[in-house]
Amino acid sequence: MTDDGRAPVTDGLRLEPAALEDGGSFVRSAGLVVDEVTSAKVSGHIEVGADHHTPWGIVHGGVYTTAVESAASIGASEAVRDRGQVAVGLTNTTHFLRSLVEGYVAVEAVALHQGRTHQLWRVDLRDAAGQLVAHGELRLQNVAARPT
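According to our numbering, the sequence shown is numbered sequentially starting from -2.
Worth flagging that the hints you see were computed from the coordinates, not collected in a lab.
Please note that a few of the clues may not be correct.
With beta-carbon atoms standing in for the labels, derived distance ranges [to be verified]: (1) T35 with Y101: 35 to 45 Å; (2) R143 with T51: 32 to 42 Å; (3) T114 with G54: 40 to 50 Å; (4) L94 with P144: 39 to 49 Å.
Predicted, not measured: the structure shown is a model, and the values here were computed from it.
Note that CB positions come from ideal geometry on N, CA and C, so glycine has one too.
Take the sequences, apply the hints, and build the full model.
Printed below as a string of structure tokens:
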């Protein structure tokens, strides 16, 4: 953080890994709260509830898919930020294992491979009891950061 409390800027683009508030309303509505960020691991959580429901009263799988994309992208971008790059998702494969109506969901993203041009991250989402709710993998490409 800078002295005025704002996130660091590189070439006009905020690269603060936890800056989800800069995302659009879609990302904010998904509700991911980032608790810890390193270049190889991101952890966070989501409090899911009625705002995340499908018409059938369970949490929409898109919430989990968005958490996979967001958590892995934050960590992967942190890994390449010193090179003036960000990481963008190429392939998001998310498996939905258990349905939820409401509650706490822990999100943990871990780098499996971090290369010069690509990265692969694994993301697990668990309920308050530690049961796996969803699992995803995100393949990302490292690209030059573009000023906004």
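Hints, one by one, checked against the model:
Look at T35 against Y101: about 22 Å separates their beta carbons, and that is not inside 35 to 45 Å. Restraint check, R143 to T51: a C-beta distance of roughly 35 Å satisfies the suggested window 32 to 42 Å. Here the CB-CB span from T114 to G54 is close to 43 Å, well matched to the stated 40 to 50 Å. The supplied range of 39 to 49 Å is met by L94 and P144, whose beta-carbon atoms lie about 40 Å from each other.
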